[in-house]
Every structure is written in C-alpha cells, then in structure tokens.
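These protein sequences, in sequence, are chains Y and R. In terms of our numbering, the first sequence opens at residue 224 and continues consecutively. In terms of our numbering, the second sequence opens at residue 552 and continues consecutively.
Everything labelled a hint here was simulated from the structure, so no lab data went into it. Keep in mind it's a predicted model, so treat the numbers as computed, not measured. From the three backbone atoms N, C-alpha and C, an ideal C-beta is built for every residue, glycine too. One thing to keep in mind: the hints can contain errors.
As the list claims (entries may be wrong) - List of simulated lysine to any residue pairs, SDA-like, C-alpha gap at most 25 Å:
| id | chain 1 | residue 1 | chain 2 | residue 2 |
| --- | --- | --- | --- | --- |
| 1 | R | K980 | R | T994 |
| 2 | Y | K249 | Y | I330 |
| 3 | R | K652 | R | K1028 |
| 4 | R | K652 | Y | V286 |
| 5 | Y | K398 | R | F580 |
| 6 | Y | K398 | R | A579 |
| 7 | Y | K394 | R | A743 |
| 8 | R | K711 | Y | G396 |
| 9 | R | K711 | R | V762 |
| 10 | R | K587 | Y | I312 |
| 11 | Y | K394 | R | K587 |
| 12 | R | K711 | Y | A315 |
| 13 | R | K980 | R | L1030 |
| 14 | Y | K398 | R | F582 |
| 15 | Y | K313 | R | L718 |
| 16 | Y | K394 | R | R590 |
| 17 | R | K980 | R | G914 |
| 18 | R | K988 | R | K587 |
| 19 | R | K988 | R | V906 |
| 20 | R | K711 | Y | G409 |
| 21 | R | K711 | Y | I387 |
| 22 | R | K587 | Y | V384 |
| 23 | Y | K398 | R | L718 |
| 24 | Y | K394 | R | K988 |
| 25 | R | K652 | R | V762 |
| 26 | Y | K367 | R | V615 |
| 27 | R | K711 | R | R901 |
Claimed, not checked - Here are the simulated distance ranges between beta carbons:
| id | chain 1 | residue 1 | chain 2 | residue 2 | range |
| --- | --- | --- | --- | --- | --- |
| 28 | R | R901 | Y | G287 | 53 to 59 Å |
| 29 | Y | K249 | R | F973 | 53 to 59 Å |
| 30 | Y | G318 | R | L1032 | 54 to 60 Å |
| 31 | R | A579 | Y | I283 | 48 to 54 Å |
What the hints assert, rightly or not - Covered stretches of chain Y (chain R as the covering partner; in silico rule of three or more C-beta atoms under 8 Å from a C-beta of chain R):
| id | region |
| --- | --- |
| 32 | 318-332 |
| 33 | 375-384 |
Listed below, chain by chain, are the residues.
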Amino acid sequence: MALTAIFFYLFSTLALASGAAVIVAKNPVHAVLFLILAFFNAAGLFILLNAEFLAMLLIIVYVGAVAVLFLFVVMMLDVDFAELRAGFIKNAPVGLLVGGVVLAELIALLGARVIAPTPASSVASPIPQGVTNTEALGQILYTKYIYFFQGAGLVLLVAMVGAIVLTLRHKEGVKRQSIAAQVARGPKTAVELVKVKPGQGL
Amino acid sequence: MPETTSFAAALPEIILAAGAMGLLMLGAFGFSDGEKSDRAGWTAILILFAAGVALLGQTGTERVFNDAFISDPFARFVKLLVLAGSATAILLSFDDLRRAKADRYELPVLILLATVGMLMMVSAGDLLALYLGLELQSLALYVLAAFRRDDVRSSEAGMKYFVLGALSSGMLLYGASLLYGFSGTTSFAGLAQAASAPGAATNLGLIAGLVFLLVGLAFKISAVPFHMWTPDVYEGAPTPVTAFFAAAPKLAAMALLARVLFDGFGGLFVQWQKIVIFIAIASMLLGAFAAIGQTNIKRLMAYSSIGHVGFALVGVAAGSAAGIEGLLIYLAIYLVMTLGAFACILAMRRENGPVEEIDELAGLAETNLPMAFILAMLLLSLAGVPPLAGFFAKFYVFAAAMKAELYGLAIIGMLTSVVSLFYYLRIVKVMFFDDAKPGFSATAPYVRFVMIAAGLFVLLYAVYPAPLVEAATAAAKSLSL
C-alpha cells in the first residue's frame, strides 16, 4: 500500500507540475512536450486505479496522435505566441474571477459530499470478477452500449465529412492519381524497346 | 429482450443514418456532376419521408437499448415535426445555394446526420444518449453554418458557433459527470429515483449537476442568458441554413429539455421551476426589446426566435399536462411560422444577389401584393394576433401558466407579446405604406410553395385546430408529470 501511495503522489505531483509548465513555458514546443509528460503521469494514475486499458488508450491516442498533431501545428503554423500571451494577461482578471467562482462551487460540492455522503453505490456497470478491465469493457461495449457506440461512430463520421466539406478544394490542372489507369497499364504501353546501335547511344 | 425489437423501435433513426451514408457514397461516386446537389437533395427528402413513414408505423411506448432510447407518443410527435422541418429546409436550400455557387451534395447529407442527432435527442432516456445526440446535431450544425466557406461572415458564424458550442458542451458534460457521481446512474429513470429520494432537495451535487445540464441545454435553445451567439450566427450563416437552425434543432432541444426535466428530475420540480421561469422571462424580455433596433431581417428573426423560446418555456414552467400540451402545439405552430418567414426572406432577392435589410421590403405591397400579404400574415402570427395560428400557440401556454397560478409569468409574457408586436408591425408598415423600391426577382417555385403553405396554415388553423390539439394531448400524456 505504501508503494502505491508513493507512486500516487509521484504521478500526481509530476502531472500537476507539468500541467502548470504547459501554461508558463515560453517556447510552445516545450509546452507540448510538458503536455506529453502530463499525459504519461495521468496514464500512471490510471494504472494505479487498475484501469490499464484507459492508461494504454491515453498513451496511444493522446500521446501518439493528439500531442504529435499539436506539435506539428505548433511547428508549422506561424502563430505569434507573444501576442496571444498579451491578450492572456489583459483577460486574466476575468478568467481568475470565473475560475474562482467555479472553485468556490467545487469546494461547496466537496462539503456536500461530507455532509450528505450518498456515494455511488449503484455503479452502472461494475467490473465483473475474474476478468481484466479490458475484457470487461469489451464485453459491454458492443452489447449493452451498442447504441452509444454507434452514435459515437456517427459523430466521428460528421467530423470527417465536415473537415472535408470545409477544406477540400478541387483545383483545375492538378495531376491526380488514377488507380484504374495505373492498373490498366500493360507492357505494350509502358515499355518501349529501342535498338541502340553500338557506339551511338540514344 | 430479443434484438429484433430493439432495432424496430429505432427504425426511423436507422433509415436516416443508413440513408445518409448511402447518400454520401452516391454523392461521391454515383451522381453525375451537373445535377449532383439537386439529386442529393431530393434523395435526402425521400429518405426523410421514409423515416417519417417508419415513424407513423410505431405505436405505444417502447424502451430499448437498456432504456437509453425511448419511443413514445411524445417523442414521435416531435420527431415528425423535426423530419418535416429538415425536409422543408432542404427544399428551401436548392435555389439559394445554387446561385451562391455553394450547392454541394454534402449539405443534404449533413442535414440528414443532424436530423439523426435530433431524433436521438428527442428519444434520449439516458445522459449518454442525450450527449451523443446533442453533439451529433451540433457538430453537423457548426459545419452547416460555415458552409459557404469563401464567405467571411459564414466562416465567422461557424467559428463563433463552434467555440461557444464547445463551451456549452463542456458545461453540460460537467453537469452530467456530477449527476453520475452523486446518483451512480446515467439513465433518466435512475436519476428520477435519486431526485425523488428523501434529502434530494438538499443534495447540492444533484442540484449543481442539474444547473450545469440546464446551462448546456439553454445554450442549444438559445435562451437568455446563453443567447449571445444567436444573432451573429443567424446573420452569417447561409439563409436556408438559418431557416434550418431556427426550426428543427430548437424543437429537438426543447423536447429534450422537457424530457430530462420531467422524466429525470420530476422530484426536483420546485428547484428547477424557478430556473425555467427566470430563463423564460429573460428570453421574452430580450426577444421583445433587443429586436426593436434591428435593421437586418435575419438578425430580427434571431431575436424573435429567442423571444419564442421564452414563450415555449412558459409551458415547461407550468409543469402540468396542459403545459406540455401547450409546449407541443407552440413548437408545431412556431415551426410553420418560422419556415414560412424564412421562405419570404429567401424570396428577397434582386438581380445582383440577396438582400437582407428591412428597408428593402419598402412598398412590397405595390410590387408583389401576394408576398406582402403572406409575410404580413406570418409576422402578425409570430406576434400572436388573433385569429392567426400564433395567437393560439401563445394562448395554450399562457392558459397553462394561469392554471398553474404563475400569474406574474403569464402577465409578463402577454406584455412582451405586445412589445414584440411593435417591431413586427413596423415591417408591415414598411411593406404597405413606404415608397416602393424596385421589385424582387422571380421566386423559386419551392420557396413559393413553402411560403404559400405556411401562409395558409397560419390563416386557416383557427378553422380546424382539432387534429393538432388531439395529437398534442395524446403526446403530452407520455411524460411523467
């Protein structure tokens, strides 16, 4: 137990510290790298909770795809971060006010939890005994939660269609790949036999 | 429960989703280039019609997918209206987008997918289903708002809608997570148990979760104080898309709000009634007063729709079967009036493009008397002048509010109605008494058809209101009050 506690504090301290570093880092590339560190620590926390599937998902999806995409965006787009930060400082009082209100609400909620301890005794899908949680998720994802699964699939489809609608432009005069033409290409059209006379070259 | 019954209850949604995917394939590979968007549009209308037929074939109340999907008379009533609203929006889009050279086959596909989301919202019996439906609908709407991507205003509208919509989704999800944390369930039935348990009224977690949920939903129906995006998005989006925004998604979100409040939080009625009353009064006041200074007719319609959301919420605040009945009738009549008014706005077009300023309507009675007459009827109906349909819509919700002894709410509603009459009458005055400007160019046949149909409905509703009232009465019974 002590070991778990040590790791819990290690992961959560590092996660909080790197989360703060994401905001204060001057160099945007460093900020993204700190973000990745924060993701790794969150994954560590998931493992401590015996949710190894979520931990792997976090690494694969967030670190592997999302953070790398961020890195590309940060490096490729010419965003003036100094200017953005100036706006940040100007709007900081309003942000602090809103943040303070939400924090006060959260504290009130925490108080309510102590005063009226009605914890979630009836969890929607408790983990069945004797299987890993990856297997447990697999057992309900395509059966009990098929409706949500399909719904989420449609949301992703809309995102894909939307991205194409808003950005794809068909330019005139651009060479495009035609797979049919490539496949239909045979030796007759593709290969030309030239008799080269000795000593003359082509 | 055998799988076959599960699928039968969701047949309209399945038809729409499969149809949208099929249409995407047809658009990419099937249709020839020239008539692509027209054919896609007609196919989409056909798919919506097929879903409507499947919907009419259903009876009784069915709960499937572990209570996440409810098919009852209430859901079917709203779903039919949503399907009709989507089909009409596609009908209105043909001519306008072709002239703007933005007629691409993705528009009907996105409208179909948004409609699937709306049907999921209306049938939601679970917080997860609620969120997925809402997000499916909103994501498609963000793209539709920015559909004319070469137009700065359209892109701006899409961006604004997206950023603020993401914020509201965040609020909604935060509320949902609190609700799950304090009740241990995401289904409305389970939440209803938690909300009616002793001590629920002092359970801050439940109430805070409910408030955040309401904030998210109030944003989607553009109720005050979460309305800021509405005028800009309405003005910037392509007009047929604005017509779609003002009609179907509002209906679905209102139905979802009613469902989650009554089926999920009936036990906390006293708590949420105050919030709904506040939102209703604020929306009615803002809708009445902010619209006075508008010169752009699309912005004016945005404020008008904010006001109408307030009126419809009066029915929710009443918390009775009569209130829900009023809400449903209100939504049905509002749908027809809005689509009719937007058909008229689409008809405002001269040789060098569409016009949107109210002054451009000057002297319309001289150049095009039938259109001026229909638009005047629709505007007066929106204001709630008897004997037009809009009067009855307001009458039902205010009568329910009076019966629930919410006299203050009903009186404020009537007064704001009178204020809003001022700006609707101003347009009528511009049309009938100002010096004539050059006439508009010929209106596309489908737009004219929608205009005339809506005009006839608001004019003749008083003659034979029985079918709508009966259907609404039957539908209202299926919510637990």
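Here is what the structure says about each hint:
| no. | hint | in the structure |
| --- | --- | --- |
| 1 | R:K980 x R:T994 | holds (22 Å) |
| 2 | Y:K249 x Y:I330 | violated (32 Å) |
| 3 | R:K652 x R:K1028 | violated (47 Å) |
| 4 | R:K652 x Y:V286 | violated (41 Å) |
| 5 | Y:K398 x R:F580 | holds (19 Å) |
| 6 | Y:K398 x R:A579 | holds (19 Å) |
| 7 | Y:K394 x R:A743 | violated (56 Å) |
| 8 | R:K711 x Y:G396 | violated (35 Å) |
| 9 | R:K711 x R:V762 | holds (24 Å) |
| 10 | R:K587 x Y:I312 | violated (50 Å) |
| 11 | Y:K394 x R:K587 | holds (18 Å) |
| 12 | R:K711 x Y:A315 | holds (21 Å) |
| 13 | R:K980 x R:L1030 | violated (43 Å) |
| 14 | Y:K398 x R:F582 | holds (23 Å) |
| 15 | Y:K313 x R:L718 | holds (21 Å) |
| 16 | Y:K394 x R:R590 | holds (24 Å) |
| 17 | R:K980 x R:G914 | holds (9 Å) |
| 18 | R:K988 x R:K587 | violated (36 Å) |
| 19 | R:K988 x R:V906 | holds (12 Å) |
| 20 | R:K711 x Y:G409 | violated (54 Å) |
| 21 | R:K711 x Y:I387 | holds (19 Å) |
| 22 | R:K587 x Y:V384 | holds (17 Å) |
| 23 | Y:K398 x R:L718 | violated (42 Å) |
| 24 | Y:K394 x R:K988 | violated (41 Å) |
| 25 | R:K652 x R:V762 | violated (44 Å) |
| 26 | Y:K367 x R:V615 | holds (10 Å) |
| 27 | R:K711 x R:R901 | violated (29 Å) |
| 28 | R:R901 x Y:G287: 53 to 59 Å | holds (55 Å) |
| 29 | Y:K249 x R:F973: 53 to 59 Å | holds (56 Å) |
| 30 | Y:G318 x R:L1032: 54 to 60 Å | violated (42 Å) |
| 31 | R:A579 x Y:I283: 48 to 54 Å | violated (30 Å) |
| 32 | 318-332 | holds (count 3) |
| 33 | 375-384 | holds (count 7) |
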